[in-house]
Amino acid sequence: MLGLKNFLAASALLAAGALAFAGAAVAQAPIKLGAVLATQGGPSFLGDPEAKVLKLYVDKMNAEGGIAGRKIELVLYETNGAAADAATFAKRLIAQDNVDFIIGGSTTGETMAMVPEIERAGVPFVSLGGASVIVEPVKKWVFKVPQTDRAAVEKVYIDMKQRAAKKVGLLAGSGGFDKSCTDNARALAKTHGLTVAADETHGAQDTDMTPQWTKIKNAGVDAVLYCGFGASSVVVTKNYAQLGLKIPFYHNHGSASTRWIQGSGAAAEGVRLPAEPVLVARQLPDRDPQKAAGVAFGDAYKAKYNEEPSTFAGYAYDALLLMADAIKRAGGTDKAKVRDALETTKGLVGATGIFTMTAADHSGVDVKSFRMVEVKNGAWRVLY
Amino acid sequence: MIRRREARRGGLGALAAVLLVLPFVLPNTYYLNVAILAGLNAIACIGLNLLIGYAGQISLGHAAFFGIGAYVSAILTAGQGWPPVLALLAALVLNGALAFAVARPILRLRGHYLAMATLGLGIIVAIVLAQEVRLTGGPDGMPVPPLVLLGWSPPGEAAWYGIVAVLLWIAAWLSLNLARSPIGRALAALNASEIAAATAGVDVARHKSLVFVLSALYASLAGSLFAHYAGFITPAKAGFLQSVELVTMVVLGGMASTFGAVVGAAILTALPQIFATFHEYETIALGAILMGIMIFLPRGLVPSLARLAGRR
Amino acid sequence: MLETFLQFLFSGITAGAIYALVALGFTLIYNASHVINFAQGEFVMIGGMATVFLADAGWPIWAAAPLAVLLAVAVGVALERLAIAPAREASTVSLIVITIGASILLRGLAQLVWDRNFHTLAPFSGEEPIRVLGASILPQSLWVLGGSLLAVLALGWFFGRTLLGKAVIATAHNRLAAELMGIETRHVMTLCFALSALLGALGGVLITPITLTSYDAGVMLGLKGFSAAILGGMGSATGAVVGGLLLGVVEAMGAGFLSSAYKDAIAFVLILVVLVAVPRGLMGARGAERV
Amino acid sequence: MSLLEVQSLSKTFGGVAAVAEVSFELEAGHVHSVIGPNGAGKTTLFNLIAGAVRPSGGKVRLDGADITGLAPHVLAERGIGRSFQTPQIFAAMSVAENVMVGRHLRLDRRLLPSLLGMPAVDRANRAARERAQLLLDQVGLGQEADRPAGGLAYGAMKRLEIARALAGDPRLLLLDEPAAGLNPTETAEITALIQAIAAAGVTVVLVEHDMRLVMAVSDHIIVLDSGRKLADGTAAAIRADPAVIAAYLGQAQ
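Residue numbers (the working numbering), protein chains in the order written: chain H, 1 to 384; chain S, 1 to 312; chain F, 1 to 291; chain P, 1 to 253.
What the hints contain is simulated information worked out from the structure, not anything from laboratory work.
Values in this document were obtained by computation on a predicted structure and should not be read as measured data.
Take the hints with a grain of salt, since some may be wrong.
[Claimed, not checked] DEER-style ranges, computed between Cβ atoms: (1) P:134 to F:160: 48 to 58 Å; (2) P:146 to F:164: 40 to 50 Å; (3) S:16 to P:110: 25 to 35 Å; (4) F:127 to H:332: 55 to 65 Å; (5) F:176 to P:212: 23 to 33 Å; (6) P:110 to F:149: 49 to 59 Å.
Built from N, CA and C at the ideal position, the CB exists for glycine as well.
Please model the entire structure based on the sequences and the hints provided.
Structure below.
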């Protein structure tokens, strides 16, 4: 009877496990906010600041009396960017935690894996993922904060054209964020009168990208766009300096953080990228409606975590603003009403943009809210 | 022998009982979802256990077969409009052919060298899946249409649970049958001593190929089902970390134990869910538990606990 | 053309020297215990991260680096004493899972004690690249290369010339016989983990100015280091360096001349081809099994 | 006609000749022994005949058919069984299962019936189990059938290997030091066992150091020294061969 014993032992273990994660009874009063963020692994550069912002501002809002008199309860699940885990957590937030609102999916992959369950159950959902597939075609319950990565590429291409570039080189990492950016870059080149003359890739956590740079240099390009993030984006920049290259060099908003400048040091000088206003809030003219929100957010974040917020921190902040605004206007947490309110968001001033949603547009920001910035003397400078 | 046959029947009976009772004690669809994922992992692990546990051949690239199963199903149904069942069979054929083609040269290697070769194979597959954006959607993954069986589509978690439970039970039954057949004995023999097994008439290379293909088919089936169930897949499911996780499930549950593979899969699927609310302590707890079990129960959970129970 | 080729070669050597340093750590533990330590990459990470955080706390680099290495050595000793030694009777695969568990645990601790950001160190001798025939290499790469060579020489001297080193070899060949000869195999094992952690952490300090570091930097480094060690032939120190450099150069040439998107795949195809042709790696132990 | 014909068989390891130009013929139904000092190449010779090692040169013929360099499992199918110098048993399996593996070639090995657990597999298993019990009884391990093989004493492992080899119904049985590490009683048992096997018509080849055993059972003896054949003949002839005496005396002193 060996097998039976095996099985009894196993079932006992499973039962113990099940007991351990049987949650507490559901409380009625607070607004339950569910979040799934990639705080670990490759995309932790997205999820980590996002989680910090949610924790900080949920506490802040609660201290100020919550939304319409109701406290917010944050249920946060962390992933390493694995889409399959995000899907399971979406089910958990809906079936187990009975949340009223979901923020997250730091990445496009996570978001898309969560979408089927969210659409089926019908929960208002604001994604922090970048790719346009999230809201194109429009899905009933799905909204997103970040400007599409297509908008970022367009901003870069417009700037390249102004510097009389004709041939563009692409360099990208291997993640979803990177790939989505290069896909857009390839697709949009023609409409901006550019040709892609070099198209190179590096692996996750690669230690040296000079071969890719050498090929790009030999292709005789007029400007280079790098699509990537994290430590690799620093190594790429250092290799650019190592080879003594002078080609106009653009990053996408994956590098939009002070940490990236600090890591790259002198090599970062002159690099341009499209950034949300939050990164340079202080430099915005006073009449800019986003200045106040951006500065206040940046100060609060720095006070708590002792570092400058990246634009990704700003996304989470804006997602919270969108939620608070919609719940206030819906007069409660009725899911259908909150969704309708989200869709009628009008002129909401956030840290990364001004949001106006419609039934046809669940993203709500356009290219105008991107600023072109350049590194000067170890800091971001707004060009326009 | 008689004793063992009873144990096998008892085990299969117990497995059936647990699978039958589970949906009635799980409080909501989220738990069913975890059970389904555990079941799919368990199917892959039962196959992997045939290779690692019985035949003693390590594979650090098995998620590749899972991933190929998932992507072939996804691409053929979404892109080509194939019926899901046909796509699943096509995935089995493709995985079987791939496994057969690489088995002979690779399984000549031993120990860590075999680990390296399978690891490399898995990584190559993961890279192809991530780079061929047009076909696979790249690192951000691709959506998969729902499963359709003879015009019927499983409407929700409960139906999916039923499908996975039945297939899991069959997978275990097949594995146990094989283990006590002459083929199963030959696998265990070549695990202990290749030269002695060969001298006894066992065609070592052929048996290694056979079990490699078989374990690839188990993974392929699990992968295809996962793709349809989740409705969305990414190349991470074929990656190195996923392969390591599958091996860890097999070893944790207990090598050369079909039920061990099931238990290992169930525990390692459920543990991250249990620890999900611990946040920054989650990884520490996972690592510590993994180490603890292997240090104190080096033969894996099921064999070690069975031994303890038997001693009493 | 020469310039381009040279640049690829320099890139390959830079990456390869890093892989070689990590591979040497694998070799050391493998030689004493036939254990593949999947937490080897984490030693590298600890070396880098601890140095960064000590330096940030105001310590000068010459004090921060040795302290960080010491921390890694302590972790290595603890790993052997608390996890590997008690499981001595476990099978190879079980031991692998234990080291996998250790790597997960160490990553978890690192992100708790430190953080989840990437960090860098100032290069030891400036950032001004050295130019050779139009191609360029960073001075820090020479530090890494020098470190690997020094490590190989030191290991060669240790295993070939010292009594302790010979005891390690004896233990690896036959634990029982070594014990009968009066070697305390327990201490030999601990020593090897300590040395391997030392080597890994030293590598971590040397490479951080080039590659940066973060709590999860050890995963990829461990994977590449393991590949390099196997390619060269597990157990051979020279093989580890040859394997590391070859892997780095193949990646760079693959990225440069074939496809940068598939450069890792190209490298792994090469490893597969080598293993099929030479089943024990380029410089691995030869000889038939005795029956 | 001779059952096995070995013709200038050679094997070099890294330039050193372990077996050099060895030729002999084995008559069917007899007991043959290969003797010689340590390092004479006896085990390598076995490995060459049984396919564990590929020869560098020369030919091996079984019943006139060339079997040089064939894989061990093919040779097993042709009727060559063997035991090993250090027992190669399947420690995790029961004693009876070890012998059942030896029966592998005579069983239903089709995949589908095995997976489905068809009655044919059960029948084959039962028949193999019965046969195993018979063989275990014959080697004196009948009582141990259900014990894990890893727990057996050294001498018992050697006998288990013989039972496993016999399970394949071999025509030619190669036994590598079957009496090593046995006490006198056990040696006597093994002697009787070898004689019984030979009486049943199986051709036996021994590698053995126990000269009393060798002289008691052998019809024909081959003497190896440093990889070369020194002498070849009946027990009496070998005992009187001056070259053999010189080699052995030189060794013993």
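Query raised in the report: Should the hint that residue 110 (chain P) and residue 149 (chain F) are 49 to 59 Å apart at their CB atoms be regarded as holding?
Result: Given about 58 Å between the Cβ atoms, the range holds.
Query raised in the report: Would you say the C-beta atoms of residue 16 (chain S) and residue 110 (chain P) sit inside 25 to 35 Å of each other?
Result: With Cβ atoms ~27 Å apart, the hint holds.
Query raised in the report: Do residue 134 (chain P) and residue 160 (chain F) keep their Cβ atoms within the hinted range of 48 to 58 Å?
Result: Given a distance of about 57 Å, which is inside 48 to 58 Å, the answer is holds.
Query - Satisfaction of the hinted span 40 to 50 Å by the C-beta atoms belonging to residue 146 (chain P) and residue 164 (chain F) - result: holds (48 Å)
Report task. For the range 55 to 65 Å, tell me whether the beta carbons of residue 127 (chain F) and residue 332 (chain H) fit it or not. Result -> Holds - the Cβ-Cβ distance for residue 127 (chain F) and residue 332 (chain H), about 58 Å, lies within 55 to 65 Å.
Report task. Determine whether the Cβ-Cβ distance between residue 176 (chain F) and residue 212 (chain P) falls within the hinted range of 23 to 33 Å. Result -> holds (32 Å)
In this structure, none of the earlier numbered hints is contradicted; all agree with it.
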